[in-house]
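Visitor: One letter stands for each residue in the lines below.
Protein chains: 2
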Amino acid sequence: MTINDIAALTGVAASTVSRALSRPERVSRVTRERIQAAARQLNYVPNTQARALSSGRTGTVAVLVSDVTNPFYFGIIRGTQHQLRAAGYAQLLVDTEESPELESHLLGKVRRSVDGVVLAASRLPEETLSVIAAEMPVITINRNVPGVRSVVIDSPDGVAQATEHLISLGHQQIVYVGGPASSWANEARWRAMRGAMTRHGLTAVRIGPFGSARASGTAAADALLNTGATGCVAFNDLIAIGILDRLAERGVDVPGEISVVGCDDIFGADFCNPPLTTLTAPIERAGRVAVSMLLEHLDSPARKGARPAVILPTHLTVRQSSGPAPQRRPPAPRSGSPVVQ
Amino acid sequence: MTINDIAALTGVAASTVSRALSRPERVSRVTRERIQAAARQLNYVPNTQARALSSGRTGTVAVLVSDVTNPFYFGIIRGTQHQLRAAGYAQLLVDTEESPELESHLLGKVRRSVDGVVLAASRLPEETLSVIAAEMPVITINRNVPGVRSVVIDSPDGVAQATEHLISLGHQQIVYVGGPASSWANEARWRAMRGAMTRHGLTAVRIGPFGSARASGTAAADALLNTGATGCVAFNDLIAIGILDRLAERGVDVPGEISVVGCDDIFGADFCNPPLTTLTAPIERAGRVAVSMLLEHLDSPARKGARPAVILPTHLTVRQSSGPAPQRRPPAPRSGSPVVQ
DNA sequence: ATGAAAGCGCTAACAT
DNA sequence: ATGTTAGCGCTTTCAT
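Taken in sequence, the protein lines are chains A and B. Last residue of the first sequence? That's 341 in UniProt numbering, and every number before it is there in order. Last residue of the second sequence? That's 341 in UniProt numbering, and every number before it is there in order.
Keep in mind the hints are simulated off the structure, nothing from the lab. On a predicted model such as this, the values are computed, not experimentally measured, just so you know. Any given hint might turn out to be false.
[Stated by the list, open to error] Listed next, with one range per pair, are the computed distances between beta-carbon atoms: (1) T198/B <-> S168/A: 52 to 62 Å; (2) R307/B <-> E101/A: 32 to 42 Å; (3) G147/B <-> E126/A: 48 to 58 Å; (4) E187/A <-> R307/B: 42 to 52 Å; (5) T198/B <-> Q41/A: 50 to 60 Å; (6) A181/A <-> E257/B: 44 to 54 Å; (7) E187/A <-> A213/B: 28 to 38 Å.
Ideal placement from N, C-alpha and C gives every residue a C-beta, glycine not left out.
Can you make the complete structure from the sequences, with help from the hints?
Guide: And the structure:
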């Protein structure tokens, strides 16, 4: 089933069939309708590869995530999937496994197979990113590099809010539980927290880095207790939930003895125990916006400057893992050695 | 950067370059190394489209899920992603949005763009599935159709275990909370539960169908209370967690007044409140095995009969949402009209 | 408005 | 073992 079959059936040239199907306006109404009818009748489906080979456009967009295992990306993937589908694009899902090398390698591999790329949480250095963005349409999520279109979720602002929230509850010693060292968002969140603390004459403490996994919460919770803090803001909900697990295991009451605030509001944050106070991020929307911007750029690469970066707001969702600071000084560090930076 | 550039640089024919890169053993050692060196130096990346167009193989596998939003599929996607990557394949992720029409349409669209398809929870009728499987390499997950390779998670067996578990705790009135009507797994689970109940001289009751979403749990919980049952097994964890939400909202104690058992053991089932007793399914493994079987078939379509279907065992994980049946007769139905089938 | 013809980059016979 | 020659199915000049 090729355009040639349709051409034979309708008695026109293959090129006319091609036009009727790709640029209907360039063909007379009657032939167009005849061709389209034949195509429908023959149940014709264009061959993507052939089309791509001659036109250079693949109708596919790659979405790179650093870890398919992380629920945060599920939200992103939902958003991209939704928007891509609506525009008739296919989605190539790629897991870079937190490795800059792999990311760069895979990017090279898919380069010719896609029209553009959504980089959700790239681990690549700035320069590399700039170079890549110059070679192909790229949009990053939660990563701000000059000259590269991006959508970033304003978690830093949210982290500041979260910090104020804890401070207003009487907490004085608040710890930032750091995420992966290579994460751009991690640094941004830490800076925001430190800033907020400083504005209140307090000193922020940071522990970590920890991996973005629930299991990391164990070590994080132990380190956290060791600091003697009464509250913490974790890099993300996964770690926060892990901290909750460990704290329960060690018999520490949340929020009675210690308040825990997460980040992102992933699936599960509202039904864990206690339900997690967290920064609600428009994750799915970030995915959708990223794709919109990318496709917008694909359609008119001319307007280079248009919407180079959009920032999506977050808000604090207070649930039950945060509460007033304990009245009495928290007990001294319990055990183990500090992991304070 | 094409094979022609490499050919020019090394002074051989393009076809030799092609061979050196795709079937290294068919080229003399020296030329092969010379070519490979040149390819590396020029940073050559083969054009997937062109390769696909002439060879018919795309190096891509489509994974169709009925709803990217459902955490169950995250597990599947992880598994397929992992295994596909290991074999050097790319993964095209497709969401069929629970619609058989859309599924069939998208299948037609991607048909020529992929080497094979993994159908995770197909909503297509048997005949359609048979037809498609005859036309292209297909493997289904949790869907058993004669003549179609499949990997099915033995949840029915698990549901039987779960039912016995509840019976052994003294429950007599146990309800099956049904999932989507179009789900093959849903029917299989219901049959398993009914069978187990019958073996113990009890009568199973089914409510539903409900959609595979946490929000469905609200209606499900209300209908459940209305039956006066002391225990239930839900089609999946998403619904079960939704039931837990609603039960808490209505002040019903779990497992004191009613026991809730889920199915699949998705992310979150272990940290919801109370932690969910559920059937632990090897979800990720199902994805991996599906891909292995598919690729195995792609490599040697000859052995048609090899491993036509594999069944993956499940096991019951007892947590805190199930317990002894309440001593006294449960209170009479509370409100609303029954949704009993 | 339509047709003819030349490729896109690669693989796959067929020769040598 | 390597070179030659056709295409794969489509888009896209360039003619008409």
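Visitor: Evaluate each hint against the coordinates.
Guide: Status of each hint after checking the structure:
1. T198/B <-> S168/A: 52 to 62 Å: holds, 60 Å
2. R307/B <-> E101/A: 32 to 42 Å: With Cβ atoms ~35 Å apart, the hint holds.
3. G147/B <-> E126/A: 48 to 58 Å: Given range 48 to 58 Å: holds, Cβ gap about 54 Å.
4. E187/A <-> R307/B: 42 to 52 Å: holds, 49 Å
5. T198/B <-> Q41/A: 50 to 60 Å: For Q41/A against T198/B, whose Cβ atoms are near 52 Å apart, the range 50 to 60 Å holds.
6. A181/A <-> E257/B: 44 to 54 Å: Roughly 48 Å apart at Cβ, these two residues keep to the hinted range, so it holds.
7. E187/A <-> A213/B: 28 to 38 Å: Taking Cβ atoms as reference, E187/A and A213/B lie about 36 Å apart, which means the hint holds.
No hint from the list above goes unmet by this structure.
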